[in-house]
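Participant: One letter stands for each residue in the lines below.
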Amino acid sequence: MHMADALVAPAVAGMMYASSAVAAAYSVKKVRLNADPKKVPVMGVMGAFVFAAQMINFTIPGTGSSGHLCGGMLLSALLGPYAGFLTMIGVLAIQCLLFADGGLLALGCNIWNMAFYGCFLGSLLIWKPMMRQGMSKAKITAASVLGCMLTLQLGAFSVALETFASGITELPFAAFVGFMQPIHLAIGLVEGLITAAVLVFVYEARPELLFCGAGGEKKAGRFSFKHTMAILGVSAALIGGLLSLAASSHPDGLEWSIEKITGSTELEASGGIYDRAGSIQETTSLLPDYAWKGSDSAAGTAFSGLIGGTVVVAVCVGACYIFQFFRKERKTT
Amino acid sequence: MELFSVSGLSERVYMSKIGGTIREIHYMETLSSRDQWVNQIHPLVKFVLTVIYILAVVSFYKYDVAGLAGFAVYPLAVFILAELSFLDSLKRLRFVLPLVCLVGILNPFLDKQEVMLAGVPVSAGVLSMTTLIMKGVFSVLASYLLIATTSLEKLCYALGMLHIPRAAVTQFLLTYRYITVLLEEVDRITQAYLLRAPRQKGIHFKAWGSLAGQLLLRSLDRANEVYESMLLRGYQGDYGYMREHAVPGRQDRRYFIFWMAVFALFRACPVILVIGSIF
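Residue numbers (numbering that gives the first Met the number 0), protein chains in the order written: chain B, 0 to 332; chain D, 0 to 278.
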């Protein structure tokens with residue numbers, strides 16, 4: 000589910016970076032890392048654990064394929080939502096920088112899609128309310144599976160939304176969502192079961208390590224387990240129902256919204272800055288009028304492109320080798 | 000070794016995956032610690048340039064193939080200046096290309112407007128798919144060049160200069176430092192498991208909890224040992240990477256200004272087409 004840089008527009012990337020940065024700043028404040036320096040090494044090693052454990056292939060019975068751990072849910076169950084979120088940021092940044100698994104520009108999106116939902120929603124909406132009245136194997140399993148499925152669904156939906164908002168794919172939004180959600184429902188179930196197996200093992204061996212475990216908050220919460228489940232169920236039904244309704248009757252949700260506001264599916268603007276931006280775009284784009292079929296200039300444009308490209312590459316390579324030659328000369332003298 | 004070969008191909012592939020990851024990390028460390036000219040450029044300059052480059056690349060209009068093609072100059076030049084192998088960088092595209100292709104593959108069928116390219120009618124979707132792939136490749140190469148010429152410690156220093164909270168940066172660095180240690184441990188554990196479970200692909204569901212759980216408990220104990228060792232060496236919530244580097248010098252500033260000018264020029268006008276039209 001790691002998004003690449005090519006799939007996000009700068010505006011979307013910037014917005015997601017800003018959102019993730021707000022969540023990260025809030026987490027730093029809540030965790031108070033400076034006040035408890037021991038947390039930093041624990042978070043560092045736990046981040047490395049998640050990275051390493053995701054390399055283990057867990058066989059899915061009867062399918063021949065394999066699944067992996069859900070890092071966000073596991074970390075929030077062990078470290079709590081805030082420390083878990085910061086640790087996940089570290090894991091995602093390393094995956095991006097060292098292995099190109101997710102882009103540098105898309106890192107804000109990936110943090111939001113995988114770390115925010117997994118740690119904040121998975122922990123605060125599911126794990127914490129369910130564990131308030133005490134832990135059990137059944138509760139841990141239910142929370143892990145529910146948490147993983149919910150967070151992966153939200154993550155997959157966000158991927159579709161961010162890609163659509165970036166104007167990258169010609170695929171209609173509804174079709175993209177329809178493609179993403181069912182796959183991630185199955186992945187969420189498997190990841191939830193694997194995460195549950197690990198957390199149940201920890202519960203049996205060292206229950207004090209789990210967030211809200213023995214020694215955790217003893218005060219009864221505002222919502223009981225049943226209330227939380229009922230709220231979640233109703234919310235899921237409402238959101239799912241409304242979204243599917245909108246998706247089926249208005250396949251292109253953004254155009255539909257624009258049409259409702261402006262009376263047209265296209266936004267038209269004129270005036271100083273718009274005209275200037277339009278003229279800049281026209282001069283800088285390869286195909287100002289897209290050189291549609293029948294245009295005489297298109298063949299010439301393509302030829303110019305080929306020649307120009309060759310010249311630029313030759314100049315660039317030549318300049319680099321000359322630069323390097325002079326540097327080496329200067330070094331030897 | 001004999002036992003290993005008896006257990007079959009899947010185990011070999013499985014173990015080589017973890018081994019390959021460890022080798023990749025060590026290889027990147029070797030590249031970034033070389034004494035190349037580009038490696039000596041201040042990490043903050045390279046980091047900011049990389050971000051601006053990727054921003055400029057992804058901001059191109061979906062049919063603007065020629066404008067985008069001009070941005071190949073940056074990776075091309077840095078590959079030469081840093082004396083890096085282009086072939087080595089290609090395997091980093093393994094995560095990006097399938098995803099990008101999956102998203103863009105339908106564009107030629109859905110965007111059916113016809114464009115004449117060198118006298119041949121093609122679907123406009125082909126152009127948008129091409130720019131999408133180019134954007135994916137260029138951004139991955141830029142990130143690769145950053146990490147192949149800058150160690151993670153130096154990058155953390157740059158992040159510190161950008162006012163990212165120090166404790167968060169230290170945690171990031173510690174995660175990186177312990178990844179190889181834990182990967183080696185995962186390799187040993189899975190190797191031991193698979194040698195006792197021949198012809199089995201992956202970990203059986205009955206061992207899901209105990210295998211990863213044992214590793215988790217050992218990792219947490221290790222975290223405590225790490226903390227105690229750090230305390231013994233004078234750790235007080237700060238890590239030593241901050242003291243190593245100064246602010247960007249004159250050469251760093253020149254490097255930054257040069258590339259910013261190049262990016263601005265190639266973003267503002269289609270240089271390739273302008274040069275091509277002269278001939």
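There could be a bad hint or two in this list.
[Unchecked claim] Pairs of lysine-lysine residues, derived as DSS-like cross-links and limited to a Cα-Cα distance of at most 30 Å, are as follows:
| hint | chain 1 | residue 1 | chain 2 | residue 2 |
| --- | --- | --- | --- | --- |
| 1 | B | Lys29 | D | Lys16 |
| 2 | D | Lys16 | D | Lys111 |
| 3 | D | Lys90 | B | Lys136 |
| 4 | B | Lys138 | B | Lys29 |
| 5 | B | Lys327 | D | Lys111 |
| 6 | D | Lys90 | D | Lys205 |
| 7 | D | Lys153 | B | Lys37 |
| 8 | B | Lys29 | B | Lys136 |
| 9 | B | Lys136 | D | Lys205 |
| 10 | D | Lys205 | D | Lys111 |
| 11 | D | Lys16 | D | Lys205 |
| 12 | D | Lys90 | B | Lys138 |
| 13 | B | Lys28 | D | Lys90 |
| 14 | D | Lys16 | D | Lys153 |
| 15 | D | Lys153 | D | Lys90 |
Worth flagging that the hints you see were computed from the coordinates, not collected in a lab.
Participant: Next, verify each hint and record whether it holds.
Facilitator: Results of checking the hints against the structure:
no.: 1; hint: B:Lys29 / D:Lys16; in the structure: violated, 38 Å
no.: 2; hint: D:Lys16 / D:Lys111; in the structure: violated, 41 Å
no.: 3; hint: D:Lys90 / B:Lys136; in the structure: violated, 42 Å
no.: 4; hint: B:Lys138 / B:Lys29; in the structure: holds, 26 Å
no.: 5; hint: B:Lys327 / D:Lys111; in the structure: violated, 53 Å
no.: 6; hint: D:Lys90 / D:Lys205; in the structure: violated, 35 Å
no.: 7; hint: D:Lys153 / B:Lys37; in the structure: holds, 24 Å
no.: 8; hint: B:Lys29 / B:Lys136; in the structure: holds, 29 Å
no.: 9; hint: B:Lys136 / D:Lys205; in the structure: holds, 15 Å
no.: 10; hint: D:Lys205 / D:Lys111; in the structure: violated, 52 Å
no.: 11; hint: D:Lys16 / D:Lys205; in the structure: holds, 23 Å
no.: 12; hint: D:Lys90 / B:Lys138; in the structure: violated, 42 Å
no.: 13; hint: B:Lys28 / D:Lys90; in the structure: violated, 39 Å
no.: 14; hint: D:Lys16 / D:Lys153; in the structure: holds, 28 Å
no.: 15; hint: D:Lys153 / D:Lys90; in the structure: holds, 24 Å
Figure legend: structure checked against the earlier numbered hints; hints not met, in rising order: 1, 2, 3, 5, 6, 10, 12, 13.
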